[in-house]
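Undergrad: As they're listed, the protein sequences go chains A, B and C.
Every letter in the first sequence is one number past the one before it in the UniProt record's numbering, and letter 100, counting from 1, is 100.
Every letter in the second sequence is one number past the one before it in the UniProt record's numbering, and letter 183, counting from 1, is 183.
Every letter in the third sequence is one number past the one before it in the UniProt record's numbering, and letter 75, counting from 1, is 75.
Hints listed in this document are in silico derivations from the structure and should not be mistaken for laboratory results.
Hints are supplied without guarantee of correctness; some may be wrong.
Taking lysine-lysine and the DSS-like style, the derived pairs with C-alpha atoms no more than 25 angstroms apart in a straight line are [stated by the list, open to error]:
{"#": "1", "chain 1": "B", "residue 1": "Lys223", "chain 2": "B", "residue 2": "Lys67"}
{"#": "2", "chain 1": "A", "residue 1": "Lys141", "chain 2": "A", "residue 2": "Lys181"}
{"#": "3", "chain 1": "C", "residue 1": "Lys175", "chain 2": "A", "residue 2": "Lys170"}
{"#": "4", "chain 1": "A", "residue 1": "Lys186", "chain 2": "B", "residue 2": "Lys223"}
{"#": "5", "chain 1": "C", "residue 1": "Lys116", "chain 2": "A", "residue 2": "Lys31"}
{"#": "6", "chain 1": "A", "residue 1": "Lys203", "chain 2": "A", "residue 2": "Lys130"}
{"#": "7", "chain 1": "B", "residue 1": "Lys168", "chain 2": "C", "residue 2": "Lys227"}
{"#": "8", "chain 1": "A", "residue 1": "Lys73", "chain 2": "A", "residue 2": "Lys23"}
{"#": "9", "chain 1": "A", "residue 1": "Lys60", "chain 2": "A", "residue 2": "Lys106"}
{"#": "10", "chain 1": "A", "residue 1": "Lys23", "chain 2": "C", "residue 2": "Lys175"}
{"#": "11", "chain 1": "A", "residue 1": "Lys73", "chain 2": "A", "residue 2": "Lys186"}
{"#": "12", "chain 1": "C", "residue 1": "Lys116", "chain 2": "C", "residue 2": "Lys66"}
{"#": "13", "chain 1": "B", "residue 1": "Lys168", "chain 2": "B", "residue 2": "Lys67"}
{"#": "14", "chain 1": "B", "residue 1": "Lys87", "chain 2": "B", "residue 2": "Lys239"}
{"#": "15", "chain 1": "A", "residue 1": "Lys31", "chain 2": "A", "residue 2": "Lys168"}
{"#": "16", "chain 1": "A", "residue 1": "Lys31", "chain 2": "C", "residue 2": "Lys227"}
{"#": "17", "chain 1": "A", "residue 1": "Lys31", "chain 2": "A", "residue 2": "Lys130"}
{"#": "18", "chain 1": "A", "residue 1": "Lys130", "chain 2": "A", "residue 2": "Lys170"}
{"#": "19", "chain 1": "A", "residue 1": "Lys132", "chain 2": "A", "residue 2": "Lys170"}
{"#": "20", "chain 1": "B", "residue 1": "Lys227", "chain 2": "B", "residue 2": "Lys239"}
{"#": "21", "chain 1": "C", "residue 1": "Lys116", "chain 2": "A", "residue 2": "Lys60"}
{"#": "22", "chain 1": "A", "residue 1": "Lys181", "chain 2": "A", "residue 2": "Lys31"}
{"#": "23", "chain 1": "C", "residue 1": "Lys42", "chain 2": "B", "residue 2": "Lys168"}
{"#": "24", "chain 1": "B", "residue 1": "Lys210", "chain 2": "B", "residue 2": "Lys247"}
{"#": "25", "chain 1": "A", "residue 1": "Lys23", "chain 2": "C", "residue 2": "Lys42"}
{"#": "26", "chain 1": "B", "residue 1": "Lys168", "chain 2": "A", "residue 2": "Lys186"}
{"#": "27", "chain 1": "B", "residue 1": "Lys223", "chain 2": "B", "residue 2": "Lys239"}
{"#": "28", "chain 1": "A", "residue 1": "Lys23", "chain 2": "A", "residue 2": "Lys130"}
{"#": "29", "chain 1": "A", "residue 1": "Lys31", "chain 2": "A", "residue 2": "Lys132"}
{"#": "30", "chain 1": "C", "residue 1": "Lys175", "chain 2": "A", "residue 2": "Lys168"}
{"#": "31", "chain 1": "A", "residue 1": "Lys141", "chain 2": "A", "residue 2": "Lys203"}
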Amino acid sequence: MLVIGIRVNDGVILAAQKLLDSKLLVPGTAKRILSADMHASAGLRADGKHLQTRAREECKNYRDNYMSPIPLKQLSDRLGSYLNAYTLYSSVRPFGISTVISSYDKNGPQLYAIEPSGLYWGYQATAVGKGKQLAQTELEKLKLNELSMRQAVFEAARIIHLVHDPTKDKGFELELSWIGKDSQFKHAHVPAQLYQEANEYGKSQAESGRMQE
Amino acid sequence: MAMTNNFTSWGRPFTDAKMDMYGGDITQRYQLGSEHLQQHSDKFADAVQKTQQPIVTGTSVIGLKYKDGIMLAADNLASYGSLARFKDIQRLHSVGSHTIIGAAGDMSDFQHVQHQLESLVIDEYCHDDGHALGPAQIYEYMSTLMYHRRSQLNPLWNAFVVGGVDPKSGEPTLAYVDLLGTTYSAPTIGTGYASMIAIPLLRRLVEDRKEPPNEEEALDIIKTCMKVLFYRDARSLNKFQVAKITKEGAEISPSMSVETEWGFAEGIRGYGGQTQ
Amino acid sequence: MVFRNSYDSDNTVFSPQGRLHQVEYALEAVRQGSAAVGLRSKTHAILLTLKRSTGELASYQQKAFKIDDHLGIAIAGLTSDARVLSNYMRNQAMSSRLLYGRPIPVNRIVTQIAEKAQLATQQYGRRPYGVGFLVIGQDETGPHLHEFSPDGNAFEYVAMSIGARSQMAKTYLEKEHEQFADSDLNTLIHHGLQSLKASLQQSKTLTPQNTSIAIVGPPGPNEQGVKSEGSFRILEGDHITPYIDALGQQQQQQQQQQQQQEQQTAADVTMNE
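Bound-form chain A, shown alone (with noise of 0.2 angstroms):
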C-alpha cells in the first residue's frame, strides 16, 4: 500500500492509499495516517499502530524534558533507533514496515521517512510502499517550491490514484492529511470539502491518464 509525502513553503502533505479488504468496512476507519502529537505523523498498520505509540511516547517524553514539541529530525533519529534495535536481537523480529513523518517545527516544514533498518533521511517529496517507483517520478515532475498546500493536496491526490490500477488492484479508500499554515499548524485530515475535490480531481486525472496511453 502507497503512502506519499509531498513538502511545499507552507506545509507537508501526506496521502496515503488504504485497500479495501472488505465491503463491510465501515468506511473512514482503520486509518494509516496517524499522529503522533499536535505537529507529527506516521503513515504505512498491526505494526504501525505499534510504532505511532511509540512516536507518541517519544513526543510526549521530549515535551516532558524541554516544554517543547519534538524537531522531526529528533524524532526521526529516535525511531530510527527503536526501528533499529529491533534489527539488533534474535528475540525480535523487525518492523514491517517504512514510515514517513511529517511536522511543521520551529525549521518551518518538515518531511523524512524512516525504513525498518533503521534507516532515515529528510525529503523534498517521497513515497513509499507498493508503486512507489512510479509516485517518484510523478513527484519528481513537481514545482515543490512553486506549490501552494491546497494545490499539493491535489497532486497527491492525483499522483495515488494514478498509480492505483482498478482493474487489476482491490478498491481503495484515499487519505489526505496536512500540517501547516492552512491546518494552523496542527497535523489533521484535511477537511471534508476539499478531500471530496482533491478525491474527485485525482480520480478523473488519472482516468484521462489512462485513456491518454
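Place chains B and C on chain A using the hints.
TA: Only chains B and C this time, still in chain A's reference frame:
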C-alpha cells in the same frame, strides 16, 4: 498541625520570629531554613516529608453558572508570602475546547497540572476518533489525580475550579476539587477567601433569582465579587481575567479591573452603624 | 517434530515471502472455533453465536461475554486466551470509568487489545493469541462493531463473521449489508440468524440451546426489563425462542423433506415406468 490545609495560612510571610504576624507558630509550619527552630523529639522526626506548604501562591477563584454556560474569574497575582511577586500570571487555563480550570494555591503545582493536562489533550487528539474529553471527564480526572496525590501524602497544593459545557449534550459543569481530594459541584463556587467573602454574594445574586443571569448580568456579578475580594483579601490584585464557556467554546478575556473607592469612611454612607 | 513450513517455529522470524507463519497458524485457531456473527444498524449492534457442546451430558460452551455495561464480545478460538484478553478489557473499561468517568470508547479498547496482540507477534518467548473477537458496544458516536484478530489488526465493520464456516455467513452479510443500517432490532436479529444459519452444516439447525444473541441498543418488542439506553445483554434459551421460531426452520426442513420425498416418489414412478 504541620501539614495545614487551612487556606488562610497560604501566602503568609516567612519571618524569623517564632510567631508570625498573625499569631501562628511558624516552627509548626515552615520547614525551609528553619531547621534550627525545630524541636524534633518524636519517633517520626526523621521520617520522609513531602510538600508541607505552598510557596508562590494564587488566591481565590470564583465561578458561576449563567444562562449560556459557566463564567470563571481569577486575578493575575502570584504572591511569595505577603510579597506581591508576580502581577501578570494567568490562573485560568483552557483544557481542550470546552473546559477551563481556575487554580488557587501553589503556582508551580498548577503549572505541573497544566503540563499534564496538555499531554492528556494531545493523547486525545492523536486518537483522532471523534471522541473528546468534555468538562465532566476532565473534572473526574482532576479529582482522581488530587485524591491520589493526597493519599500518597504528597498533595498538589491547590484548589481548582473546573468549568465547562459539554459540546454535544450542552450539559454545564461547575465543580471544585482541592488538595484533600474534596469534591463538590454547585451553581456558584469560590475557593479560599472567596468561599467566605464572595459566596454569600454569589448565592444572593445568582441562586436567589428566579431565572439564571444572562451573560451581561453574570459579568456584573463577577465584577462585584472581584471588587469585594480585592477590598478584603490582602493577597489579591485589582487585575483579573474572566473566562466564559458556552456550548460554542471557551474564551479567556484580557485582564481587566474595576473602579474602587479608598476614601475615608467618613464620606461613605450605608456602612456600619452609620446609615444616613 | 514435523513442521508444516520452514520459518514457522518462531514468531520473530519472517519467511522469505515476508510472512509470519506463527501468526497465520493463530488465525487458523480462530477458523477452527465455532462461528460468531455481528451486525450493526444505526441504533443497535448485535452478536449471534453458535455454541458447541462436547456431548449429550455436557452444557454448551459460552461464546459471548460482557465486558462493561456498554460493551461485550463474542469469541472464536481458544477460550482460555479469550479469558486473558477479556480480563484485560474489563480492567481497561474500569479504569476509563474511574479516571475519566467515561465508558471507554469502543474503538479504543479494541485498539488496546490489538496493540497487545501485535506485541505477541514480534517478541520471542510469546505466541500470538489463538482467539478472535467480534466486539460490540455503544458510545458517544453510536453503536459499533469491530473485529479483533490475533495478527494485531482491528477493523470496524457494518457486519462481520468469524469462526468455522464463517465464509458462508459472510457471503450472506455481503449480499444483504446495505439494508442493515436502517433495520429495526428484530429485523437485524433476523438477518443475523439467517447469516449464522448459513454457516451451519446441512444436518444442523439453530436451537434456543445452541444459539445466543447479544445486543447493545434500546430494547426490542420482545424484551422486558431492559432500560431505554439498552446496555449490553446476552439472550439465551427461552428468551430467543421467538426469534428462532421466526426463522421457520421446521417448515423449511419439512419442505425440504417433502421435496425429497416428492423427488423420491417421482424417481420411483420413473423407475416403475
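Undergrad: Hint by hint, say whether it matches the structure.
TA: Status of each hint after checking the structure:
| no. | hint | verdict |
| --- | --- | --- |
| 1 | Lys223/B x Lys67/B | holds, 17 angstroms |
| 2 | Lys141/A x Lys181/A | holds, 24 angstroms |
| 3 | Lys175/C x Lys170/A | holds, 18 angstroms |
| 4 | Lys186/A x Lys223/B | violated, 36 angstroms |
| 5 | Lys116/C x Lys31/A | holds, 19 angstroms |
| 6 | Lys203/A x Lys130/A | holds, 19 angstroms |
| 7 | Lys168/B x Lys227/C | holds, 22 angstroms |
| 8 | Lys73/A x Lys23/A | violated, 39 angstroms |
| 9 | Lys60/A x Lys106/A | holds, 17 angstroms |
| 10 | Lys23/A x Lys175/C | holds, 10 angstroms |
| 11 | Lys73/A x Lys186/A | holds, 17 angstroms |
| 12 | Lys116/C x Lys66/C | holds, 20 angstroms |
| 13 | Lys168/B x Lys67/B | holds, 17 angstroms |
| 14 | Lys87/B x Lys239/B | holds, 8 angstroms |
| 15 | Lys31/A x Lys168/A | holds, 23 angstroms |
| 16 | Lys31/A x Lys227/C | violated, 34 angstroms |
| 17 | Lys31/A x Lys130/A | holds, 18 angstroms |
| 18 | Lys130/A x Lys170/A | holds, 13 angstroms |
| 19 | Lys132/A x Lys170/A | holds, 17 angstroms |
| 20 | Lys227/B x Lys239/B | holds, 10 angstroms |
| 21 | Lys116/C x Lys60/A | holds, 21 angstroms |
| 22 | Lys181/A x Lys31/A | holds, 23 angstroms |
| 23 | Lys42/C x Lys168/B | holds, 18 angstroms |
| 24 | Lys210/B x Lys247/B | holds, 22 angstroms |
| 25 | Lys23/A x Lys42/C | holds, 18 angstroms |
| 26 | Lys168/B x Lys186/A | holds, 23 angstroms |
| 27 | Lys223/B x Lys239/B | holds, 11 angstroms |
| 28 | Lys23/A x Lys130/A | holds, 21 angstroms |
| 29 | Lys31/A x Lys132/A | holds, 20 angstroms |
| 30 | Lys175/C x Lys168/A | holds, 23 angstroms |
| 31 | Lys141/A x Lys203/A | holds, 19 angstroms |
The structure does not agree with the numbered hints 4, 8, 16 stated previously, though it agrees with the rest.
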